[in-house]
Structures are given as structure tokens and as C-alpha cells.
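Mind docking chain B on chain A? Use the hints.
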Amino acid sequence: EPEVTQTPSHQVTQMGQEVILRCVPISNHLYFYWYRQILGQKVEFLVSFYNNEISEKSEIFDDQFSVERPDGSNFTLKIRSTKLEDSAMYFCASGRGQPQHFGDGTRLSIL
Amino acid sequence: AQKVTQAQTEISVVEKEDVTLDCVYETRDTTYYLFWYKQPPSGELVFLIRRNSFDEQNEISGRYSWNFQKSTSSFNFTITASQVVDSAVYFCALSEAGHNQGGKLIFGQGTELSVKP
Chain A
477 EPEVTQTPSH QVTQMGQEVI LRCVPISNHL YFYWYRQILG QKVEFLVSFY NNEISEKSEI
537 FDDQFSVERP DGSNFTLKIR STKLEDSAMY FCASGRGQPQ HFGDGTRLSI L
Chain B
269 AQKVTQAQTE ISVVEKEDVT LDCVYETRDT TYYLFWYKQP PSGELVFLIR RNSFDEQNEI
329 SGRYSWNFQK STSSFNFTIT ASQVVDSAVY FCALSEAGHN QGGKLIFGQG TELSVKP
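As they're listed, the protein sequences go chains A and B. Under our numbering, read the first sequence as residues 477 to 587, first letter to last. Under our numbering, read the second sequence as residues 269 to 385, first letter to last.
With the rest of the complex left out, here is chain A (with noise of 0.2 Å):
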């Protein structure tokens, strides 16, 4: 069954520093997503991505957030100078409308 793959699983960033997390959505799906899961906490929306463009974002997802997909296949959330609060579990999620399905989740911790 396809699946939707993530890298890497867990990335450790020193504050500051850029970082961007990969996936690869499953190949006939239209809709991409960006979750965030602070540790112990609930799942939290930050964007969604349809026809090569923004549909719609979170509070969350500022200026320091950007999303692409650069090649129609990898789908990327770029963080541009990360905080010790953005922390967390990131998941992708990728689907034809609903049920979405998600990726195993990049472990993000900023030192």
C-alpha cells in the first residue's frame, strides 16, 4: 500500500538555523499538509496545499513557515530561523479530498 514517507525522522537544529523537512505524498493524491504536534499536545493544523499553491494556513504558519514542492513529487516545510518552540513532531498528510493520510513524522528539536 502506499504510504506517505517522510525524512528525516528526527532532526536536531541549533536555534536559529534553518531547517527543512521532506516528504514524499502519495503520487495520485492532490491535497498536502503540514501538521505540528508538541510533545504530550494535540495535533495542530499549520497548512494546506492544492493546485501548486497556499489553500489555506494557521496562525501558527507565519513568516518564518514556507511550503513547496519543487519537483512534483517532494513536498517541503521550511522553517527559516527556528525557535525552541518549534519543537515538535511534524507531520505530512497527503490525500484525494478525505481520509488524509500521514506520514510517520519528522522529530524536530531546536537546541
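Source of the hints: derived by calculation from the structure; they are not laboratory data. Warning: the hint list may mix true and false statements.
To be verified - One side of the interface only, derived from the structure: several residues of chain B facing chain A at Cβ under 7 Å:
hint	residue
1	Tyr301
2	Glu312
3	Leu313
4	Phe315
5	Arg318
6	Lys372
7	Phe375
8	Gln377
9	Gly378
The C-beta atom is built at its ideal place from N, Cα and C for all residues, glycine as well.
Relative to chain A, chain B alone:
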């Protein structure tokens, strides 16, 4: 505004007990989807079920069953004869269908289920 409430933060049961996880949602839309996801200790999110707002039939899948009641805005999840492998955090989520069917998921806080042998 959309909101999902899972009032039970933690539940602990002994193996073979039945357990029900509660989910109450709020939405102004008439068309929406409800979901349950399981997050085992390994951290991934595993899709369990989707239900659309026009289908109030209860569903059973093996030991899992779901009770959708629009009148009370609830979508409860029951595990029959629980097993240790059911230990996980369970999230209820809501999506308003929107024009493109790709609406974001709004998650509840999750219920941590611990099944003891």
C-alpha cells in the same frame, strides 16, 4: 468555529474490558467529516475511520465500533474486549468539506488509553 472535545484525558482498563472514548464536536457546516486516528507509542498517526455528516449509521469493524449521533454532536468510539496492543492515544478529528473536499483536520486533545494485562 470548529472544535473537537475529548473530555477523557486518560483511561485505564484491564484487558478484555470494553471501553468507550467520547468525542463531541462543534461546526456550523452541514457537510463535514469526522475521523478517528490512533497514535501508538511509536508516534505515527493511524487512520481508523471516516464518517460523513449525512451517514449516521453506526459502524463496526472487528472489535471497533463507532456511534455517530448528530443530535448530540457526538462521535464515540468503542473498543470491545480491549487488548494490550490497543494502548495508544486516540484522536477524534473534524473536517469541514469545503469547496475542494480537502479541508484541514481539527483534532481533539486526544484520549490516552492504557490497557493493562
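Of the hints stated earlier, which fail here?
The structure breaks none of the hints.
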